Structure formats: C-alpha cells, structure tokens
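Listed in order, the protein sequences are those of chains S and G. Just remember that the working numbering sits 3 ahead of the position in the first sequence, which is counted from 1. Just remember that the working numbering sits 3 ahead of the position in the second sequence, which is counted from 1.
The hints are simulated quantities; they were obtained by calculation from the structure and are not laboratory data. Any given hint might turn out to be false.
Any copy, or any two copies together, can satisfy a pair, since identical chains are not distinguished.
[Said to hold, decoys possible] Straight-line C-alpha distance at most 30 Å; calculated DSSO-like pairs for lysine-lysine:
1. Lys49 - Lys113
2. Lys212 - Lys45
3. Lys24 - Lys113
4. Lys22 - Lys176
5. Lys49 - Lys207
Just so we're clear, the structure is a prediction, and the values are computed from it rather than from any experiment.
2 protein chains.
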Amino acid sequence: MDPLYIIKVGGNIIDDDQKLKSFLTEFAKIQGKKILVHGGGKLATKLAQDLSIQQHMVDGRRITDAETLKIVTMVYAGLINKQMVAQLNALGSTSIGICGADANTIVAHKREHPSIDFGFVGDVDKVNTSMLLTLLNENINIVIAPITQDANGQLLNTNADTIAQEIAKAMSKNMDTTLVYSFEKKGVMRDVNDETSVISKIDKEAFTKLKEENAIFAGMIPKLDNAFTAISAGVSRVIIGDAIELSMLIKGESGTTIH
Amino acid sequence: MDPLYIIKVGGNIIDDDQKLKSFLTEFAKIQGKKILVHGGGKLATKLAQDLSIQQHMVDGRRITDAETLKIVTMVYAGLINKQMVAQLNALGSTSIGICGADANTIVAHKREHPSIDFGFVGDVDKVNTSMLLTLLNENINIVIAPITQDANGQLLNTNADTIAQEIAKAMSKNMDTTLVYSFEKKGVMRDVNDETSVISKIDKEAFTKLKEENAIFAGMIPKLDNAFTAISAGVSRVIIGDAIELSMLIKGESGTTIH
C-alpha cells in the first residue's frame, strides 16, 4: 500500500504567523500523499469577541450556538483553510482546502447528551474516502477544516483531533497510514516540565507499565489512548511531537512514535 | 463533448433563504456535470459593519483592504460556500466547495491601475482545469467562491461574473459548455420596467441592431458584450435569467439565450 501522512496541527501554531510558515514549509517538504487537518480556536474566539457574541463553556468545552457555528465556519473553513492552501500552493505543494461537509466526506450527527446541550457540535458517523483517494491520486494535498454536516444539511462544529483520527482509520483500509499530532510540545514526556524526558517509542505494553507506575504526564494519557485506538483500527503508526520539526517527526528523529 | 453547465448566481438570491433554497433545489435537478459560482456581497458588507470596518467604494467598486479581504474570504469561501454545499448534499446532489485558490485552479494578480489602489483585488491570468475535470468526472458538483491567489500565496478578491466566464472559456476546450448568469431578473429586456419584454434569443447581428436602435436597456449591454466574448472563445451558449427558474432557463423556456 502507498504511504499516507495525515497531520493534525494544533491551534498555537496556527495563531503564530512565523511558526505557521515554518510548519507549512516542513509540510510541503514531505514526499508522497498527505492530508492536513487544522482547527483555529483562538481566531474564532477573537472574532466572537469582536462581534460581542458571548462564548459559553461547559466542562471546558465550547457550546456552539447558531452564531458561533457561523463564526467557526467562517474562520476554520474560510480564512484559515484558504490562507494555508494559498501558502502551500506558493511553496509548490499543490493543495485543496475542504471541510468535512464537502462531497459528504464526513457524515456526522448533532451531539446528544443527557444533560448538556452542546449546540451545533457534530460527532462523526462515517468517513467517505472516495473523493480523498481521487484527489490524492492526482497528487493534490488535502487541507481539512473541522466542519461537518448531518444528513439534513446542518453544518456542525467537530473536534479536529477526532476528524484526523477518523480519517486515518478509514484511509488505513487503502493506504499505509501514519497519523501525526503536531503541536508546540516535543512529544509525550515522562515529566511535562522536562523536554529531555520525551519518550521516543512506545507500544501498548510499555504504555500500560508507565501508567501503572504513574511515570507519565496525566494530560498525555487521553492522546495515547486515542493513538492506540487508531492503531487497533489499522493505522500503521501515530506520531506526537513538535509541529516545526515535522520532517524529523516522520523520520522518527524527534517526538514520540506509537506503534 | 459532454455537456457542462456553469451557473453564476447573483447576490440577491443568496441573501434570501427561501429564494436560495428554491435555487439550490433547481440546481440539484439539472442532469449532468455542473459548476456553481457565487459571491455574497451583502453578507460581507453586514459583517464589515458589525466589526466597524469601514468599506471604501471608488467608482462603485469596493476597495479590498487587508481586513476586508479577511471578511470576504470568511464569508464567501467559508460561510456561504459551505452552507450551499451542505444544502446540495442534503438534496442528494454531491458537491464540493472550493475557491479559485484551491489547487491553483485560478491564478490571478493584484489589479494594477494608474490612479486607484483597489487593494487585494485579483484579475485572472489563467484557469487550470485539471482538478475541475477530475471532480466532474467523479460526478461531484463544484461550488466556487470568488477568492483567488497570486503566485506568492496572496489571496485576492475577484469578481464572480469574471470567474464564471473565465472558467467557462477554459472548460469549453474539453466540454460543451453552457454559461448561465442567474439573478432576480427574467432576462435581457428591451424595456427594464416590462418583464414581458424579455428577448428570448439573441445573436451578434441582432444585438448590434438593437444597440443601434437604442432598443435595449443600457445596463444589460456590458453583460451581453461579455456573453459574446465568451461565445467567441468557445462557450456554446450563454443564458441570462431568473435564478429560481433555472431548470427552465437551461431548456430555453425562460430567460435570454445568447448564441
């Protein structure tokens, strides 16, 4: 199977023009087929503030009311997506920007919760890989904003980490898929305050042992749990690390490789 | 050659939810390959007002400063584009939303003018049809927002009528292309105040005669000049008429057909 890189880039990189440029330059360098998944939370929060649209958080999660849905659709699928695409094209790395709604690539439903109304937040039901495969086959990179839709045409705000993971799982049936979570940290660390404590490789057995010994930063556990779920579903490897070291990450020279 | 319909929809339809729904339902009904080009000026103007970003008009044209460029990118390529795509998908008409920047489909340059700085306004240099042909070949409709980029990755605000025309000219090399300008009027009228004065068919000779006799509404002349330019460049026919009668327009049962 052909290799495929699916790279999620975190918010702090997107908010910093210089870091974003470095990241996109690294992304453009990767040989082969690739998909980039992004969010852009801080810019959305700023636009909401400028428009005096109050943001409601419940348990650390943003409630997406109708006005907030418009904002995230504009910021994620419009501004950030097209700015990234234009920069990649200028770097000679021909790219298309889409969101999950395009060609029904990601079908979702409005989140149901017994007590909290999250508003227009989508949980993923299904990934349709056919258009993604067609575009990759033409050597076009795909940049994906985390907006999806339901069967009735309702747009939904959807977690970008989840989108990256669901696409990776679906694509792994056709391609040798590497999923990269890139952000502003060096990787999975034993001690969150010590950048030299990055664990370079970890498998399920080692992870279980580290958890038992409390020898891993608690905030990393959900990310690792998700990584092992992806691997169980067919993804070849998951890499977690620093976005501006992307080409080193995919060679295993930096960050944490989960296999 | 396979038939292709390229349909430009005007701003007043987009601003009215009910009319937009009727239009998209008509669009979904058209059999065969199709491309939809849209703008969305009034929503962009409203967002600029809400953000207290002053809009400057020179000779009836909007100056696109850096903040206004962000607004049109968000509104056109984000909100309006994805709302249309989601509605079309829900109607069973599988669609992707892109802008001119995606996969370098439309390469433009910043407008040069001896005395007026239009800001980030793009004039079209070239249309790359390869991705459009690939997507149409997969029976995916393409919805295009009028944002382009230059070779350096600068996004540019570009006239939607021009984009529709340039794409039609380029696609006419590969497909039997019909270009439709759909808006809130019934077609080209001899008398702008009389909806029964729609000219159902017009060729170059008849147009010259009507102009000589001053028997045509002056505001329609630039649209017709553009239509004949498109036809000279290989477009099979241009149709001008009412967006909510789209399926009648393409059958020649409504509106004006220029051939």
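Each hint, compared with the structure:
1. Taking the shortest alpha-carbon separations for Lys49 and Lys113, both the intra-copy value of 25 Å and the inter-copy value of 28 Å come in at or below 30 Å.
2. When the C-alpha separation of Lys212 and Lys45 is checked against a cutoff of 30 Å, the pair qualifies neither within a copy, at 36 Å, nor between copies, at 59 Å.
3. With identical chains, the CA atoms of Lys24 and Lys113 are at most 30 Å apart between copies only, with a shortest distance of 22 Å across copies and 34 Å within one.
4. Proximity of Lys22 and Lys176 under a CA criterion of 30 Å is satisfied in neither setting, with 33 Å inside one chain copy and 42 Å between copies.
5. In this assembly of identical chains, Lys49 and Lys207 lie within 30 Å of each other by CA distance neither inside one copy nor across copies; the values are 40 Å within and 53 Å between.
Comparing the model with each numbered hint stated earlier shows that hints 2, 4, 5 do not hold.
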